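*Asks:* Make the complex out of the two chains shown on their own, each in a separate frame, by following the hints.
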Amino acid sequence: MAGLPTAELTGQTVDDEGLFRFLVGHADDNLVLAQRLGEWVSRAPELEEDLALANLALDHLGQARALFTYAAEVQGEGKDEDDLAFLRTEQEFTNKLLVEQPNGDFAQTMVRQMFFDAYQLILWEQLSEVADSRLAGIAAKANKEATYHFRHSSGWVVRLGDGTDESHRRTQRAVERLWRFTAELFESGEVDAAIGRGIADQAERWLSIAEGVLDEATLTIPDDPFQRSGGRAGAHTEHLGHLLSEMQWMQRTYPGLEW
Amino acid sequence: MALQDQAEFDAVIAADDKIEPTDWMPDGYRKTLIRQIGQHAHSEIIGMQPEGNWISRAPTLHRKAILIAKVQDEGGHGLYLYSAAETLGVTRDQLVAALHAGSHKYSSIFNYPTLNWADIGTIGWLVDGAAITNQVMLSRSSYGPYSRAMVRICKEESFHQRQGYELLIRLCEGSSEQKAMSQDSIDRWWWPALMMFGPHDSDSTHSAESTAWKIKRVSNDDLRQQFVDATVPQADYLGLHIPDPDLVWNEERGHYDFGPIDWEEFWQVVKGNGPLNRERLDHKRAAWDDGAWVREAAVAHAEKQAAREFESRRTA
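Top to bottom, those sequences are chains A and B. When we follow my numbering, the leftmost residue of the first sequence carries the number 4, and every step to the right adds one. When we follow my numbering, the leftmost residue of the second sequence carries the number 8, and every step to the right adds one.
Treat the hints with care, since some could be wrong.
[As the list claims (entries may be wrong)] With a cut-off of at most 25 angstroms between alpha-carbon atoms, the simulated SDA-like pairs for lysine to any residue come out as follows:
1) Lys311/B to Arg172/A
2) Lys25/B to Cys161/B
3) Lys147/A to Lys112/B
4) Lys186/B to His248/B
5) Lys144/A to Ile73/B
6) Lys162/B to Gly65/A
7) Lys112/B to Leu54/A
8) Lys144/A to Leu210/A
9) Lys221/B to Ala18/B
10) Lys162/B to Gln79/B
11) Lys311/B to Ile212/A
12) Lys162/B to Asp80/B
13) Lys278/B to Arg292/B
14) Lys25/B to Ala215/B
15) Lys311/B to His171/A
16) Lys112/B to Lys186/B
17) Lys311/B to Asp165/A
18) Lys186/B to Leu90/A
19) Lys38/B to Asp23/B
20) Lys162/B to Leu54/A
21) Lys186/B to Gly259/A
22) Lys311/B to Asp218/A
23) Lys221/B to Arg159/B
24) Lys311/B to Gln175/A
25) Lys82/A to Arg64/B
26) Lys82/A to Ala72/B
27) Lys144/A to Lys278/B
28) Lys311/B to Gln111/A
29) Lys112/B to Arg285/B
30) Lys112/B to Lys311/B
31) Lys162/B to Ile73/B
Note that these hints are calculated values from the structure, not bench results. Every value quoted in this text rests on a predicted model; they were computed, and no experiment measured them.
Bound conformation, chain B alone (with noise of 0.2 angstroms):
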């Protein structure tokens, strides 16, 4: 019977077909896309909290109404993102309290901090951009659910990225100030956006696995180059320097040729040990603890609602 299952689960991912919630699969494919996904509706709602910091702020209420409706389109990621990882057999509840208890990772490029108003525009320009590179990617996985997902998403985050770089085209366009403002903020973003590609190929854990799958795609390196090659033209249209000595144009291999990634960084933040880790983690179990007598509330409220009704049609 396993054998059989195995069989067939082999046959769609070799077809390039999708895997369906109801189809049979793999245990190890079920924990590693239950990871997967998990972790990116974690990154969605954590990724709340560095724009969110600027909701407050926004310099006009044009940019606060984009602010405010693109924190909540990340929130709407969110939950679209864990509606497709229950289709696997977990509960949102059950993935929310592994973020909470840490073993549940996010990405990491939202422990950074937000310390002017340019990187609301970095964040939409790198941040979104890396992710995109990735989730069109993802958008071709063998999970069905998941891809389906990645192609709405898609296009919101194409939306967010554009504005992201409209909003710095404005302050690049402007006072010494605005352009001191966007170069501070590509000097602090552009080494973690492209950390955001995860570990050279050679040194990643679940690489392997999720490549013959077919959940991954591309590998993490070959995502990266492509990101750089499409970013530094971009960099160059807004006149703002990329900190990295080494980037050059390889003619021979067709792409840029760039620095080393500080990987002592990476595993640090990864580790917990990044700028705001422990903030952004502390804010949202805080949110979480703060509303349990909401959630509360709720669910006695519907259970008086429920007797109520039963106690008034038994005695109709």
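In isolation and in its complexed conformation, chain A is listed as follows (with noise of 0.2 angstroms):
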């Protein structure tokens, strides 16, 4: 059993099929994001921005790493980081429906990212205590990262949001498109809570955080209270089966060499 996890704070325990699905989950999401913000480079509103969604793909793409690595441990199956990677079908892919969800114009990119950096702010503060080493280590630097990530995507959505009539118009309708993926965030299951600390207590934390950004920014949350969920259990949007099939292709055109 591979870094057994914290039964002291919550008193629940995970086996490693449990523990296993927990980390493929949340390299999924980082994976699947850094994918999307990896359509950018180069052509990105201006260099700097090239260069910053450059960089918040690279520490997506390494969260994911370090996660798909500890869980094809954990495994045991002998299967590595890009087993994982390429070799799932959308089905088996348990991201949440947030991050699968289109590029968009620079607003809906940047709203996204914001949501997700409020969600990520939390998770890994919360994961960097929990008592298995290996996982607190990983959320400990993700922790750093995300702190970076929204200072700068909460500065965008201020911005965009209060800057002209159209940056306004724009990120409105991202809001309106993404809030209904929002709820997912914060629905965990058993598993979750037992290695991450309830994770779902801070649904609140994450509304208050976002809801400060979206207030700055001049932007509203929609009244439909409607909300998408099912990324967990492998129920995408039709976005994610494009996405994989041209990271994939690679692996799935010549499989078994090595690169």
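*Replies:* Okay, structure coming up:
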């Protein structure tokens, strides 16, 4: 059993299978988001943003790799990070739906990022205190990155929301498109609760962070209460399949080779 | 006065010292540097496209991370070079506008497509390799900010070149498909890489002046020869065939002889008729135009903030 989680904190234990699913879920979140951010490279509104978006992609990719590597060890079937990233199907991917949403315009990308960064700020802070030292180490490093990410994305959401009429309109539209994917971030199963010290309790904190940014940006939360869900169970929007077919193309076309 | 300035400038050049931004310099020297550093910066920026083309399809997570980091480095080089150019009294916006208008060129090599994964290795090995050959020479250039930029950029480029070569080693040790990919790649990139050094010395418009000013310190043909001599043994080690039937070691010269470059192709690409000239520039212009509302929003927000601060101070 690799890294017993925080039974003493939550009164629950988790088996290898549960830990594996937990790690892969979070790895998938980061990998899919990294893939999306990579699509921006050479297309950003200014050179500094090309560099920043590439940097975000690298950070999330790094987080995904650390989690996949740990997950593969927990699984104990001799697989590695690439097996997990490139040889699972759409239904086997368990990322949350927010991260697979298309980049859209710069406003949509920044709103998506701000929602996710605010979530990761809380997630990594919680996970950096779990008893599993391997996971806590990954989380502590990622937590520093999330702090920078949030400063960047929230700064842009404010600038765009409270910028010109056009930028306000685009950013409000992005909020309306993406809001329905935010509740899922804090929808935790039993396993998450066991490992993550009950991240589900943190939804209120997330809401106050996100609301703070949106207020400053003169943006409003949509009235429509509808929320989507299903990512952790492998039920995705139509976008993920296309993302994976591009990302996995080399490994699928030339199976079993070293690169 | 001007005579005195010219004499001081000449003395600095003669002594192999550096000209710095606040020093007097001849107009031609300034113009040449703005053109050259600007084009160098544009090349880094346009160069993000052919490699960026494979970020979404990199075959492993490790390779994906290396590739994103490399493309990001190139953007960073572009930023650094634009800043070096700005020390000469031109703005980045002016330089970018010149690129978009087509009045500034960038390295023709980036008008060629990346068609298989091996191209990512080949660009590191051959294209960055050729660039380094040129840039090591430019790190001794007489203009201080350019020369210092080159020192730093060369370090990163050398790293990229090793990464590219290592990628190809892996492929060439791999399956027959991977070897075929690598051979196809060198077949397509070899000659364009040799063209990166520019026309023969006798046909090079800017060379004589640039050499006199010590902006440029080795001739195009000498740099090209240096590159060929260094690269042929590396291709041999990979087991790749260089697509030049005339390539042969010349014992007497102590150099490789190589076949004639297709200058017709070279000039066609320079003129805009390369495989992807139009696409590369369209891509860049579209990104710039699509981002206009973002840049406007940033300015509008900054103005609102400043007005609010002013107002709160006034009423305080």
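*Asks:* Each hint needs a verdict: does it hold in this structure or not?
*Replies:* Each hint tested on the structure:
Between Lys311/B and Arg172/A, the direct Cα distance comes to roughly 17 angstroms. Compliance with the 25 angstroms bound is thereby established for this hinted pair. For the hint linking Lys25/B to Cys161/B, the alpha-carbon distance of about 19 angstroms falls within 25 angstroms, and the restraint holds. For the hint pairing Lys147/A with Lys112/B, the CA-to-CA distance comes to about 41 angstroms; that exceeds 25 angstroms, so the pair is violated. Distance check on the hinted pair: Lys186/B and His248/B sit about 11 angstroms apart at the alpha-carbon level, within 25 angstroms; holds.
The suggested pairing of Lys144/A with Ile73/B holds, with an alpha-carbon distance near 20 angstroms, which does not exceed 25 angstroms. For the hint linking Lys162/B to Gly65/A, the alpha-carbon distance of about 24 angstroms falls within 25 angstroms, and the restraint holds. Distance hint between Lys112/B and Leu54/A is fulfilled; the C-alpha atoms sit about 23 angstroms from each other, no more than 25 angstroms. Pair hint Lys144/A plus Leu210/A holds up; C-alpha atoms about 24 angstroms apart against a cutoff of 25 angstroms.
A C-alpha spacing of about 12 angstroms is found between Lys221/B and Ala18/B, which places the hinted pair at or below 25 angstroms, so the restraint holds. Our distance criterion of 25 angstroms between C-alpha atoms is met by Lys162/B and Gln79/B, whose separation comes to about 15 angstroms. For the given pair, Lys311/B sits about 23 angstroms from Ile212/A by alpha-carbon distance, which is consistent with the 25 angstroms threshold. Taking the CA atoms of Lys162/B and Asp80/B, the gap is about 11 angstroms. The hint holds against a cut of 25 angstroms.
Restraint check: the Cα-Cα separation between Lys278/B and Arg292/B comes to about 18 angstroms, which is no more than 25 angstroms; the hinted pair holds. A C-alpha spacing of about 19 angstroms is found between Lys25/B and Ala215/B, which places the hinted pair at or below 25 angstroms, so the restraint holds. Only pairs whose Cα atoms come within 25 angstroms are accepted, and Lys311/B paired with His171/A is accepted, the gap being roughly 14 angstroms. Restraint check for Lys112/B and Lys186/B: the C-alpha separation of about 34 angstroms exceeds 25 angstroms, so the hint is violated.
Straight-line distance between C-alpha atoms of Lys311/B and Asp165/A comes to about 8 angstroms, which keeps the hinted pair within the 25 angstroms bound. Between Lys186/B and Leu90/A the CA atoms are separated by roughly 24 angstroms; this keeps the pair inside 25 angstroms, and the hint holds. Distance hint between Lys38/B and Asp23/B is fulfilled; the C-alpha atoms sit about 20 angstroms from each other, no more than 25 angstroms. The suggested pairing of Lys162/B with Leu54/A holds, with an alpha-carbon distance near 19 angstroms, which does not exceed 25 angstroms.
Among the hinted pairs, Lys186/B with Gly259/A is consistent with the structure: their alpha-carbon atoms are about 15 angstroms apart, no more than 25 angstroms. Simply put, Lys311/B and Asp218/A have alpha-carbon atoms about 16 angstroms apart, close enough for the 25 angstroms limit, and the pair holds. Restraint check for Lys221/B and Arg159/B: the C-alpha separation of about 19 angstroms stays at or below 25 angstroms, so the hint holds. For a cut-off of 25 angstroms, the pair hint linking Lys311/B to Gln175/A stands: about 19 angstroms separates their Cα positions.
This hinted pair checks out: Lys82/A and Arg64/B have alpha carbons roughly 21 angstroms apart, not beyond 25 angstroms. The straight-line distance between the Cα atoms of Lys82/A and Ala72/B is roughly 20 angstroms, inside the 25 angstroms bound, and the hint therefore holds. For the hint linking Lys144/A to Lys278/B, the alpha-carbon distance of about 50 angstroms lies beyond 25 angstroms, and the restraint is violated. With a C-alpha separation of about 23 angstroms, the suggested pair Lys311/B and Gln111/A falls inside the 25 angstroms cut-off, and the hint holds.
At roughly 13 angstroms between alpha-carbon atoms, Lys112/B and Arg285/B fall within 25 angstroms of each other, so this suggested pair holds. In summary, the hint linking Lys112/B to Lys311/B is not supported, as the alpha carbons are separated by about 38 angstroms, beyond the 25 angstroms threshold. Distance check on the hinted pair: Lys162/B and Ile73/B sit about 16 angstroms apart at the alpha-carbon level, within 25 angstroms; holds.
The structure does not agree with the numbered hints 3, 16, 27 and 30 stated previously, though it agrees with the rest.
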